[in-house]
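Based on the hints, put chain Z in the right spot on chain E.
Residues per chain, in single letters:
2 protein chains.
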Amino acid sequence: MSNDISIALDAMGGDTGLDVIVPAAISALGQHPDVRIILVGDEPRLAAAVAAAGESANPRLNIRHASQQVEMDEMASAAMRNKKDSSMRVALDLVKEGVAHACVSAGNTGALMATSRFVLKMLPGIERPAICTSLPSMTGHTWMLDLGANVDCNAEHLFQFSLMGSVLAAAVDGNEHPRVGLLNIGEEDIKGNEQVKQAAQLLQSGMPNYAGYAEGDDIYKGGFDVIVCDGFVGNVSLKTSEGVARMIAEFIKQEFRRNLLTKLAAMIVMPVLKAFRRRIDPRAYNGASLLGLRGIVIKSHGGADAFAFANAIKVAILEVRENVPERITARLRAYEENRQAL
Amino acid sequence: MSNDISIALDAMGGDTGLDVIVPAAISALGQHPDVRIILVGDEPRLAAAVAAAGESANPRLNIRHASQQVEMDEMASAAMRNKKDSSMRVALDLVKEGVAHACVSAGNTGALMATSRFVLKMLPGIERPAICTSLPSMTGHTWMLDLGANVDCNAEHLFQFSLMGSVLAAAVDGNEHPRVGLLNIGEEDIKGNEQVKQAAQLLQSGMPNYAGYAEGDDIYKGGFDVIVCDGFVGNVSLKTSEGVARMIAEFIKQEFRRNLLTKLAAMIVMPVLKAFRRRIDPRAYNGASLLGLRGIVIKSHGGADAFAFANAIKVAILEVRENVPERITARLRAYEENRQAL
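Residue numbers (my numbering), protein chains in the order written: chain E, 21 to 362; chain Z, 21 to 362.
Bound conformation, chain E alone (with noise of 0.2 Å):
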């Protein structure tokens, strides 16, 4: 069918391999039934998997054989130089051959990005790539980037960010006017640095949906849609967040276990806990997009397991679907033409 999507899976990437990689791509093909999927990496041993899954016969289930693997401390620029038939820049070759419509990687993201970035190109228009994903929030969810991808961003990085976020924000939850916030802190004497400030005057010119700043906490409280920021403070915000959960999940599970009685109390709340739990689930958040690209490229969580890995292959079908880079091209050029029109 010439409406079907394919999806090439970078195979060999992250650090759990086949036993989670396959079985998500068994789950997303039973969930999505004009999905192909391409496995991309050492023939002999994804062709075990597949048959030892009982899936030989799929024909939407595909292998491509790539002789080699990056790992996950190896520099991009060597991967790129000494790894020409990874598991990776196979998959992503498949994407620009026009083979695959998405990418998806739980492999080394400094390795990805640069592979991602010289194999498919930017888009018309923008400078730098972004990493984007959502995070919960009290009233549904937050889009947020960048996680990492730019140590330093000057204003025009920051506006095509918030851009590319609020056509994210607009595919998937097609929500034409997500509320964008520029991250910054709230002192007043020493409200921002330069590039917020400058990135700021563009957005309030340029971007009618530009709600104004955003502070760390409104990440999760529900008033913006799309929080745009450098990939510096992005990292640590999005890693920090990681670290109070992990905390408070930490201490509630010690408070349960302090003795008989507290025991006794955490069966019978298990329930409950189980249904916050699952509100709060990092797996259900899993599936980064590298925006900025001619391709959909999405970085799943090294470590992430086949629930996740499958929530990162919904996330690249979605963005095939709503034809994401091509979105972000037409909103650029009509908002290059109002600027000229100006």
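Wrong hints could be hidden among the right ones.
If chains are identical, the list can't say which one is meant, so a pair holds when it fits in one copy or spans any two.
25 Å max Cα-Cα, derived SDA-like pairs, lysine to any residue [unchecked claim]:
1. K283 / N78
2. K283 / M158
3. K241 / D301
4. K273 / P302
5. K273 / G242
No wet-lab data here; the hints were simulated from the structure. All values reported here derive from a predicted model rather than from experimental measurement.
Relative to chain E, chain Z alone:
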């Protein structure tokens, strides 16, 4: 007595006012028999509040009149120019004159920072003040700075923050070799911005207790005693933490309120939930130090209640006892001598 400690309270600062500050002062006096407190602000109102609390005859609770008050949203420059008899300014003047050993304020952070710097001046060799507080961690607590005094910092500033944070950890925790981490992001190829990389070099060569890069989640893991970053990143990280904690608390509440059964379960586990909440109670961590000044200034949260404000007073008392400013100067001098000897 010559070894009495005298603390000046900016009694008009903050969002809550005398209903909080007077009970907090009385509680602190009860806990610290060698401490005197000077309430600075509108004398008739203060005298009435003290009388209402039945403490008019307390020789350790004094009042010092100040005719003005800095508003929470007032620009620091305007406050400094127009409010020379504000409760904040007079409290800081008392520290400068040696009448008080420390000032505690819940007022406007920007104004407090600027006025402190103007009145007290910086310690020799310290270029920028930094806001530092302790945060709960899995193993105890972590000191973090800067939390918002400086949006842009160079390597030398980050080095000085590391030194000041080390002194505070040593003074308050009695930990002479606190492990200092430099906040950074984890992506291999883009590891850190220039300031952070240069600061790491300075720390590696000049600070024996430097323990390497930390990531956002390390704040709460407990592998570092002090974590250093610029004020933009620190403020975002702190606010992000508050946002995550508040969302999680809200989700727990919602799950327990879902139906009659969950409400019953909530009653059963109430003691466990209370014990848990106590461990992450932000009020217990209230009282941020403005480090780098020739004097001790503690910022209380603007919305602090009496318990929280009393904790900020406690921080002030501890820093007076431990001579924090003098110890910072001594440590910096030792470092400079060491550097010249090389």
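Verification of the supplied hints:
1. K283 / N78: neither (47 Å within a copy, 49 Å between copies)
2. K283 / M158: So K283 and M158 pass the 25 Å test across copies only (21 Å; inside, 29 Å).
3. K241 / D301: both (17 Å within a copy, 19 Å between copies)
4. K273 / P302: both (18 Å within a copy, 20 Å between copies)
5. K273 / G242: between (27 Å within a copy, 17 Å between copies)
Violated hint: 1 only; the structure is consistent with all others.
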